[in-house]
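Asker: Here the structure of chain G is known, so what remains is to put chain Y in place on it, guided by the hints.
Residue-level listing of the chains:
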Amino acid sequence: MMIAALNLLAMLVLGAWLAATFDRMAPALWGGRARGPLAALADGAAMLTRPATGTEKPDAMLRIGAPLLYLVLAAVGLAVVPIGPAGALIESPVGIVIWGSCEALIVIAVFMHGWAPNSPFPLIGAYRYAAIALPVMLPSMFVLIAAAIPAESLSVTAIVESQREVWNVVRQPLGLPLFVLVGLTLTLRGPMDYADGLDLAGGTSAEQGGRGRALWQMARLAMLVAFSGMAAAVFLGGPLGPVLPGPVWLWLKTALIMAVVVVLGQAVGRTPPANMLKLLWVFGLPISFLHLVAAGALALW
Amino acid sequence: MGVNLVSLARRAPVSVYPCIGPEMLPAVEALWQARGIRLSATPRDAEILLVAGEIPDDARPALDRVHDQVPPPRAVHHWAGDGDPHDALVALRDRLARGEGLSPDRQPDEPPNEWRGKGDNGQGGKGMMGGVPYGRPMAMTDDDLRDGLALDAYSAQFGPFAPMLPPGLVLDLTLQGDVIVKAAVAAPPFPQPPEASRPAACAARLLRLLGLDGPAARVAAGRSPNAFFAVRAVPAGLGAAAPGADIRSRLRGWLADEPGTYQAPDPAQMLPGLEWHEAVLTLASYTPDALRLACLAAAEGRAA
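As you go down the protein sequences, you meet chains G and Y in turn.
The first sequence begins at 41 in my numbering and counts up one residue at a time.
The second sequence begins at -4 in my numbering and counts up one residue at a time.
Just chain Y, same shape as in the assembly:
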């Protein structure tokens, strides 16, 4: 029985979590349509970490953290974007099954920093809430942006390998529920080749965030999405950089194969006040290059 389960499991696609480096977004996005490979939405559900391209030194600690979230025994495949990685991944999975090619934890299984106790329970905040005990941010009540209810605010860093954000982008966010109340850019998105900004690629990226994988595959192949409530699922006016230039119009343009010349605003300015899903859609409604330029310009502005 156990043997049968294992041989049956071998017929399933290889489950990989991609960490996408500079210049590698189009190559990895092509894997959505690849035979025998499944891109997982979370490292916890992957067996192999796919490291695409050269990860810059700044992002290495984050890569190690994602690496350690892939359940052991795990393997790592470094891919430069050339050719179909399917056979190499299958071979790696077979080696894993034999107990070879394992990639051990890269970080010690201990808290990110020392105990910095404060309060009766040494938790660091007030009462039973807040603070950063052992380097872990805890929620704490704070004034609310929208309705005056003092809900818990939670601050944490998101990126650079989160599946819903452009690769490389690191955001320091404070959330109340799923509403972003404060945002700062800790690192800009990685540079990507012009193919990543093709209208079809950008539209497919947005459609996947709307839960439309099938239609996204059609769009990526240069065809119409054949979906219901795709463009209209994005509320009118959301992410409007200027009157009439909202996410919906950008998606409509991309679907009509118009590149558009949209300049992205600074994420630190555009994200506060948005709910998580809206924020993710807003970021994906700009080309990765436009977003990178906006982050770099904002950083330069701050430096000056």
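Pulled out of the complex, with its shape left as it was, chain G reads as follows:
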């Protein structure tokens, strides 16, 4: 139990560093400068040592509570994924329900973060994110339930076991792309970053510098690790693979998903929120529902 907990912590910290490094290498794809493995640590240290000022009458409890909640949700979400040799830290028969509730609570964490500074841009970011994240949660549930059908279980470990012959990414080809859209939303990235974009001077983070900002960025990265681990387990067979030990396979697949999310986050444009809302309800939701129906039909057949 203790070892599994330490393993989870190590994966979150190392994974966050890897994700931050991917973020700093990706500009090379567009001819920019790739920064090396120390860059993420240097940026983190710079943020931690930089002073911070507060706004007038902030909500001090929410200001610290928002990033902490976000971090805890990342940890709890990853805890149901079988990352260690002995499986998941929380071997729950309803693993994807636990993950789903973490997803839903992220909306609360981001809203708290936007509410706390008592300032207009962060608050607009908070409301905008809530409006967009809500319809994203529904495809997420459809996609995860579809993955649970062949496993006949809501446990993530059982979903991994159900992929011994064929991975879900092959059996349910729409699942992973839809889930990556969810991942971009959960980690406030690129096309789904309606919370912290440049058009709002940094949105929910607009009034934040120093350690508070470092904690928030860390939480975003940790959530990317948790999401990528979940996606690797549900769609890429998690720890299943030849020769190498299971945890190594899970790590490699998690890193692959992480890289994909980082690149898409920097390569796909962000449409205005009203347009995204329309796209999500008119296309995203029906497509994910059809995906669920197809998965069900395939299982019965």
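Hints are computed from structural coordinates only; laboratory data are not their basis.
Any given hint could be a false lead.
[Unchecked claim] Using 20 Å as the maximum straight-line C-alpha spacing, the simulated DMTMM-like pairs for lysine to aspartate or glutamate come out as follows: (1) G:K97 to Y:D104; (2) G:K97 to Y:D208; (3) G:K97 to Y:E105; (4) Y:K177 to Y:D142; (5) Y:K177 to Y:D138; (6) Y:K177 to Y:D137; (7) Y:K177 to Y:D167; (8) G:K318 to Y:D142; (9) Y:K177 to Y:D261; (10) Y:K177 to Y:D208.
These figures come from a predicted structure and were not determined experimentally.
Answerer: Quick look at chain Y alone, frame taken from chain G:
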């Protein structure tokens, strides 16, 4: 440990918040690609305030307000746009670390005006809402433009150094949520040199507002953006000055290196009804010069 953190932090780019004066937009935009400098989206996340060019007197109070939002100990670097400011900024950061070169608060840490109390709690509005207590605008319910829901309306001034608006432009806006319901131009954008209106520079500016920093850097260097959902991220018909002349077509033209001869409408007329992100894209879809001319013409029209 503490020492190690500090020496590690020195390897990070210098974080600056730029306040862009007249004729300085191209020089500052070139810093997006500069080595060892990071343009911050907010003064709260900067260590040095980069004052580019001569800031006109009208904009000085705003400059002082932005200055005081850079967390102390802070420093100010005045830059005339000549040469690479990197070395000077790094030297300034090192001096800051030694406790030298500090720039103290320019404004007193007190409310913008006196207590003008009204209502049970002296807040200035009705009940617990609205009014301008201590000079701070508070939200108050108001009729809605779109669906009749009486949402909170919030009036405030935006600019002249906001990172998503053309430098110099000051807007008096009333927002309901993120919808602009009323707009007035308090000051036009600063004049900028012709390079600021180059198609590549204009396209890169728009792409950054779509979250596409990498592709924007490519476009600024005269290459194709290599992005997905870049032009199509802008909804068709948004910001249409005339039929077929929407933001999307202007961006497409700029990406094809066509300057286009677009006349900008008066922002006070074009912004109401738009959501914040749409409004920001609409403003960035005109060259800074076209926008300045439109603001000046509208002001002249009002004077006449």
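Asker: Please verify whether K177 (chain Y) and D142 (chain Y) have alpha carbons no more than 20 Å apart.
Answerer: With a Cα-Cα distance of about 16 Å, the restraint between K177 (chain Y) and D142 (chain Y) holds, given a limit of 20 Å.
Asker: Given the proposed pairing of K177 (chain Y) with D138 (chain Y), does the C-alpha separation stay at or below 20 Å?
Answerer: This hinted pair holds, its Cα atoms lying about 12 Å apart.
Asker: Regarding the pair K177 (chain Y) and D137 (chain Y), is the alpha-carbon distance no greater than 20 Å?
Answerer: Measuring from Cα to Cα gives roughly 12 Å; hence the hint holds.
Asker: If you draw a straight line from the CA of K177 (chain Y) to the CA of D167 (chain Y), is it 20 Å or shorter?
Answerer: Between K177 (chain Y) and D167 (chain Y) the Cα gap is close to 8 Å, so the pair holds against 20 Å.
Asker: K97 (chain G) and D104 (chain Y) were given as a pair; does the straight-line alpha-carbon distance stay at or below 20 Å?
Answerer: The hint holds at about 13 Å.
Asker: Tell me if the straight-line CA distance from K97 (chain G) to D208 (chain Y) falls inside 20 Å.
Answerer: Given that 20 Å is the threshold and the Cα spacing comes to 34 Å, the pair is violated.
Asker: What's the verdict on K177 (chain Y) and D208 (chain Y), does the C-alpha distance respect the 20 Å limit or exceed it?
Answerer: 31 Å, violated
Asker: Need the status of pair K177 (chain Y), D261 (chain Y): alpha-carbon distance at most 20 Å?
Answerer: The hint holds at about 13 Å.
Asker: Tell me if the straight-line CA distance from K97 (chain G) to E105 (chain Y) falls inside 20 Å.
Answerer: 13 Å, holds
Asker: Starting from K318 (chain G), check that the Cα of D142 (chain Y) is at most 20 Å away, please.
Answerer: 17 Å, holds
In terms of the numbered hints stated before, the structure departs from hints 2, 10, listed from lowest to highest.
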